[in-house]
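First to last, the protein sequences are chains A and B. Heads up: the first sequence is residues 1 to 184, going by our numbering. Heads up: the second sequence is residues 1001 to 1122, going by our numbering.
Treat each hint with caution, since some may be false.
Footprint (simulated), chain B over chain A, 3 or more residues, beta carbon under 8 Å [what the hints assert, rightly or not]:
#, stretch
1, 39-48
2, 63-69
3, 124-132
4, 163-175
Facing chain B, from chain A, some residues (calculated, C-beta under 7 Å) [unchecked claim]:
#, residue
5, Y33
6, E55
7, Q59
8, Q142
9, M143
Facing chain B, from chain A, some residues (calculated, C-beta under 10 Å) [what the hints assert, rightly or not]:
#, residue
10, G8
11, R29
12, V58
13, W139
14, D181
If you are wondering where the hints come from, they were derived from the structure by calculation, not from laboratory data. Since this is a predicted model, take the numbers as computed values, not measurements. Ideal Cβ placement from N, Cα and C applies to all residues, glycine included.
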Amino acid sequence: MADMQASGFAVELDALTLARAQRADAAARECIYRLYADAAYSLALRLTGRPADAEDVVQEGFVKAFERIGSYRGEAPFGAWLKRLMVNAAIDRLRHERRWPADPDAVEGLPVTTHAAEARIDALGLLARLSPAARSVVWLHQMEGYSHPEIAAMFGHSESWSKSLLARSLDRLREWLQAEDKPR
Amino acid sequence: MSERLDDYLRDLPAVPAPDMLWPRIQHHLRERRRRRRRLIALASAASLALWVGQVWRVPTPAPAAPDPAAGMVDLRALDHALQAAYDRGAADAEIDALWRARAAALQQTEPEGDFDAPILRL
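Full structure from sequences and hints, please.
So this is what it looks like as structure tokens:
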């Protein structure tokens, strides 16, 4: 079965479950979903910033994964392959929704006012204060290891846009982090 | 500070996926499969209908061309009838009717063409 020492997308998928899922076995598919669902949802939430959008992204990502699992040949670990599908689904959704504000260079997002949004902050931390574009660029570059050319291609912007937005977002995050560390 | 920020991001808690998400994904997968099967069935039915239509198409009868041989037979019969009518001394009305019928039969035996065209060769 899966390697229980690892977590998130790093969890390894055993060959038998994979083979069964490739034959459209429902139990194997559910097993794969249970292994990666939390990691997928956390990633989607950090990229989209909204629980409803994150659910749609996870749904789209898993549906695509199960439809294409027959062509998965194991060139990359299964978790990495699935994560790539989730990231693409999230970026597609953000682009379709035109969630980029009129000013795509904006670092800060809108102020949080609702109770539901406050709950979301716990999962996103300081990322919740960033604009959708800034948050996605920070997460993809710092946590997922995407390069600036890759990010620029995904968002349909230039590399310098990606570099500039990342630098300004990281500066802002550091400021906020420092402010949180100061005794009140 | 950079490392501190990376650690902060890495340590953000994982968020459990909502319980209703898996049934939703299953439902979506079933719907997509059903839609795909319906499309395949429709495409197969359309191809079959096309094939059957081509194979079983009833040939449309071509418009019947006048049979010159049949016209000649009629003409000969009318000639015999006329001869017989003269022989027995038939009334003028009967003989006129036979001549009109012969003229009509003669017209049917003649090929269509430009009758106003000058005759260049005999």
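Hints versus structure:
Look at the stretch 39-48 of chain A against chain B: 6 of its residues bring a Cβ nearer than 8 Å to a Cβ of that chain, three or more, so the hint holds. For the stretch 63-69 of chain A, the stated coverage by chain B holds: 3 residues have a C-beta nearer than 8 Å to a C-beta of that chain, and at least 3 were required. Remark: the stretch 124-132 of chain A is confirmed as covered by chain B, as 4 of its residues place a Cβ nearer than 8 Å to a Cβ of that chain, reaching the required three. Counting residues of the stretch 163-175 of chain A whose CB falls under 8 Å from any CB of chain B gives 3; the rule of at least 3 is met.
Annotation: Y33 (chain A) was flagged as interfacial toward chain B, and the flag holds, the nearest CB pair being 6 Å apart, inside 7 Å. Because the smallest distance between the Cβ of E55 (chain A) and any Cβ of chain B comes to about 6 Å, under 7 Å, the interface hint for this residue holds. The closest approach between the C-beta of Q59 (chain A) and any C-beta of chain B is roughly 5 Å, which is under the 7 Å cut-off, so the hint is satisfied. Look at Q142 (chain A): its Cβ gets to within about 6 Å of chain B, closer than 7 Å, so that hint holds up.
With 7 Å as the threshold, the beta carbon of M143 (chain A) comes within range of chain B, its nearest partner Cβ sitting at about 6 Å, so the hint holds. Contact between G8 (chain A) and chain B, as hinted, is supported at the beta carbon level, the nearest pair being about 7 Å apart and thus within 10 Å. Here the hint on R29 (chain A) is kept, as its CB sits about 8 Å from the closest CB of chain B, short of 10 Å. The closest approach between the C-beta of V58 (chain A) and any C-beta of chain B is roughly 6 Å, which is under the 10 Å cut-off, so the hint is satisfied.
For W139 (chain A), the interface hint holds, since its Cβ comes within 10 Å of a Cβ in chain B; the closest pair sits about 7 Å apart. Look at D181 (chain A): its Cβ gets to within about 9 Å of chain B, closer than 10 Å, so that hint holds up.
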